[in-house]
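Trainee: Given the structure of chain A, go ahead and fit chain B onto it with the hints provided.
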Amino acid sequence: DAGVTQSPTHLIKTRGQHVTLRCSPISGHKSVSWYQQVLGQGPQFIFQYYEKEERGRGNFPDRFSARQFPNYSSELNVNALLLGDSALYLCASSAFTSGGAPVNEQFFGPGTRLTVL
Amino acid sequence: AQKVTQAQTEISVVEKEDVTLDCVYETRDTTYYLFWYKQPPSGELVFLIRRNSFDEQNEISGRYSWNFQKSTSSFNFTITASQVVDSAVYFCALSLIQGAQKLVFGQGTRLTINP
Chain A
69 DAGVTQSPTH LIKTRGQHVT LRCSPISGHK SVSWYQQVLG QGPQFIFQYY
119 EKEERGRGNF PDRFSARQFP NYSSELNVNA LLLGDSALYL CASSAFTSGG
169 APVNEQFFGP GTRLTVL
Chain B
40 AQKVTQAQTE ISVVEKEDVT LDCVYETRDT TYYLFWYKQP PSGELVFLIR
90 RNSFDEQNEI SGRYSWNFQK STSSFNFTIT ASQVVDSAVY FCALSLIQGA
140 QKLVFGQGTR LTINP
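In order, the protein sequence lines correspond to chains A and B. For the first sequence, counting from 1, position 69 maps to 137 in the working numbering; every step adds exactly one. For the second sequence, counting from 1, position 15 maps to 54 in the working numbering; every step adds exactly one.
Here chain A stands alone, though its shape is the one from the complex (with noise of 0.2 Å):
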């Protein structure tokens, strides 16, 4: 079966434009979550959708946008890059009940990898 997966892997931008990453889940899984990690550090939270709904938000500006698709695919949009938006966007998809209780642990995809310069 197929893991999470990213596109594109890598990507380099300049600072003011805009970037969209894109994240398909393990198959079943129904909810979709990105982090941040800036290199050196643990992965920041940024959003995390479930059933094309957002579930959570973390400290980002609003710069920081995310959807779901009716195919629990996801996008995640960065307007207005700066410098600090330099990092790797790491997505994680994951199970929940209809409780809204996960059924189990995230699974991580491999990464993109934007540099801003």
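Some hints here could point you the wrong way.
[Claimed, not checked] In the DSS-like style, the derived pairs of lysine-lysine whose C-alpha atoms are separated by at most 30 Å in a straight line are: (1) LYS42(B) / LYS98(A); (2) LYS120(A) / LYS109(B); (3) LYS42(B) / LYS77(B); (4) LYS109(B) / LYS42(B); (5) LYS77(B) / LYS109(B); (6) LYS98(A) / LYS77(B).
[To be verified] Pulled from the structure, derived: some chain A residues nowhere near chain B, Cβ distances all over 12 Å: (7) ARG83; (8) GLN85; (9) GLN109; (10) SER133; (11) ARG135; (12) SER141; (13) SER154.
Simulated from the structure, these hints should not be mistaken for lab results. Backbone N, C-alpha and C fix where the C-beta goes; we use that ideal spot for every residue, glycine too.
Mentor: Frame of chain A, contents of chain B only:
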């Protein structure tokens, strides 16, 4: 708010030595999960274990073992007879059982196993 602290930034040992990675967490909630993830140079986070706050039983999986102690808010990870392939950055993380499945990660411990 939740917080995870991994005080050991880097550890370097010789192959076949045992090594313990420390993790201390803070949360006011009584129901939560604790995790360990491994991040090899490729960058992908690999899940190792999840523990429920209700279950303080220690766990062993091959050369890996985990010691969960609520009294000290610690969830330590031991690798027995380390191998070069164990070299990676290891992250401890916490998430609450209810609400958003937000993982709060520690800073990570870079483990280097020398031949």
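Trainee: Now look at each hint and say whether the structure bears it out.
Mentor: Structure-based check of each hint:
1. LYS42(B) / LYS98(A): holds, 27 Å
2. LYS120(A) / LYS109(B): Violated - the C-alpha atoms of LYS109(B) and LYS120(A) are around 36 Å apart, more than 30 Å.
3. LYS42(B) / LYS77(B): holds, 19 Å
4. LYS109(B) / LYS42(B): holds, 15 Å
5. LYS77(B) / LYS109(B): Cα-Cα ~23 Å, so holds.
6. LYS98(A) / LYS77(B): holds, 24 Å
7. ARG83: Consistent with the label, ARG83(A) stays out of reach of chain B, its closest Cβ about 24 Å off (over 12 Å).
8. GLN85: Holds, since 23 Å exceeds 12 Å.
9. GLN109: violated, 6 Å
10. SER133: SER133(A) is indeed farther than 12 Å from all Cβ atoms of chain B, at 16 Å.
11. ARG135: Correct as stated: the minimum Cβ-Cβ distance to chain B is 16 Å, above 12 Å.
12. SER141: Given a closest Cβ separation of 18 Å, the condition holds.
13. SER154: holds, 14 Å
Hint violations for this structure: numbers 2 and 9, all remaining hints satisfied.
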